[in-house]
Amino acid sequence: MVATAGRLTPEAEATLSMLDVSVWHGTESGEFRHYQVPRRDSQTVLDVVTYIQRHLDHTLSYRFACRVGMCGSCAMTVNGVARWTCRTHVDQVTGDGRLEIAPLAHLPVVRDLVTDMRPFFDKWARAKGRFEGSSNRHDPVARVQPDTPQRRAVDAAIECIGCGVCYASCDVVGWQPDYLGPAALNRAWTLVNDVRDVSRLERLRAVAAEGGCLSCHTHTSCSERCPKSIAPTAGISGLKRACAQAALRGEL
Amino acid sequence: MTSARRNTLFWLAQRASAAVLALCLLVHLAVIIYAVRGGLTAAEILGRTRGNVPLAAFYGLFVVAVSIHAPLGLRAILSEWTLWRGRSQTWAMAVLAVLLFGLGMRAVWAVVR
Amino acid sequence: MSPIGSHGYRARHHPAYWAFLVHRISGLALTLFLPLHFLVLGQALRGEVALDGLLRWSQNPLLKVAETLLVTAAAAHLAGGLRLLLLEGFAWRGPRKDLAALAAGVSLAVALLFALAVL
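Chains as they are written, first to last, in my numbering: chain A, 4 to 255; chain B, 67 to 179; chain C, 5 to 123.
Bear in mind the hints are in silico, worked out from the structure with no lab data behind them.
Hints should not be assumed to be uniformly reliable.
Sample of chain C residues facing chain B (criterion: CB under 7 angstroms; computed from the structure) [unchecked claim]: (1) Gly-31; (2) Thr-35; (3) Leu-36; (4) Phe-37; (5) Pro-39; (6) Leu-45; (7) Gly-46; (8) Ala-48; (9) Leu-82; (10) Leu-86; (11) Ala-115; (12) Leu-117; (13) Val-122.
A quick note: this is a predicted structure, and the numbers were derived from the prediction, not measured.
Virtual Cβ for every residue (Gly too), placed ideally from N, Cα, C.
Let the hints inform the model, and build the full structure from the sequences given.
So, in structure tokens, the structure goes:
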């Protein structure tokens, strides 16, 4: 029944239903190319992309790594919505057998489904999303109470793996190119609440600058779409409050 | 002033004026719904507003709050949905603020004097 | 052809996004209406008769509908604004979509009250 690796015989294919898949080709300018992909049980969108690249179009470029929902590399726009393709069953996103697969929004397109993640991480740096401590290896290990409101706030936001789905889902990122975006601000929030970090004020100044947390309009698309159920909206609101307090105290 | 401080103060001004407007608008809507029943004439309006100092103070506050709130809101819309940005946009918003304040205070005066 | 541009609407089918849209559009409508409102009231400077002239003009049913829409906009903007003040001002657990629903419900109620009063 199986002819070449993974490829079904024409007879077998004829008995299966087929998916109508449109895949973006090119950079920012390009086109959607159309393929017919055999539909299978428990098939994920990543399976579909892989099938196309292996059997139908070897030139297709796409990114993936773990393919089990841990690394976030396979994030793409599926039928207009940013998702992890390895964790998106085809049945979840298509009723009529049609799939449209495009690269993540709001990022430069390297080629086909691959985006340049540098602007995303540059903004992370601009938001001062980097821990700065004051102790060294000779100091005792820091003791952080897990049940304080601050640590709970950090814990709720710390699992971010930088997949870019929230960034791609955020309309303000699309409308205001210098907006830092939900992921960078979420990371800044975890550090603002980290009792070991020593650069809180500098970080607040970074996130209150042009294109910072104050540009968020609470669409909550980021929180809706985050595959790790993080709510950047909550962290960004927290940053707004923290900035307001600092400003009123004359610290900003 | 750093941009961080300025942006935060704008944000605070927007929220503070919003809170004031929430109260004013709540009262205003209640009054309007009550007053428009059976039609509304100038005599009815002016009968209540003429010489009414507390009313003047209330609507004066209303006008100040809206003159801060509306331009800041419009600024966000213009910056995100149009290509208009920068100095000229800021000046236009300041003009709008003055316009709303001027016309608003004139209206308050018109019905209270 | 841009890969994403025209397809963004599919990602926006959620209540908080509609709440934002209603809030923005209503705010814009109110900002455009306000100078007109002030000018009409300012007619009282020319005396009762001048103001009455304008008020009688507003008895026109089309204008009553417009007024109802404006009051709806005001109520929606007010309710949505209160929702935002709460969401931004306090640390909530979860997205509190109930607040969006509440805001929508309250504005609708206010709009109906006004419509009943004026029509």
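These are the hints, each one checked on the structure:
no.: 1; hint: Gly-31; in the structure: holds (5 angstroms)
no.: 2; hint: Thr-35; in the structure: holds (5 angstroms)
no.: 3; hint: Leu-36; in the structure: violated (10 angstroms)
no.: 4; hint: Phe-37; in the structure: violated (10 angstroms)
no.: 5; hint: Pro-39; in the structure: holds (6 angstroms)
no.: 6; hint: Leu-45; in the structure: holds (4 angstroms)
no.: 7; hint: Gly-46; in the structure: holds (5 angstroms)
no.: 8; hint: Ala-48; in the structure: holds (4 angstroms)
no.: 9; hint: Leu-82; in the structure: holds (5 angstroms)
no.: 10; hint: Leu-86; in the structure: holds (6 angstroms)
no.: 11; hint: Ala-115; in the structure: violated (10 angstroms)
no.: 12; hint: Leu-117; in the structure: holds (5 angstroms)
no.: 13; hint: Val-122; in the structure: holds (5 angstroms)
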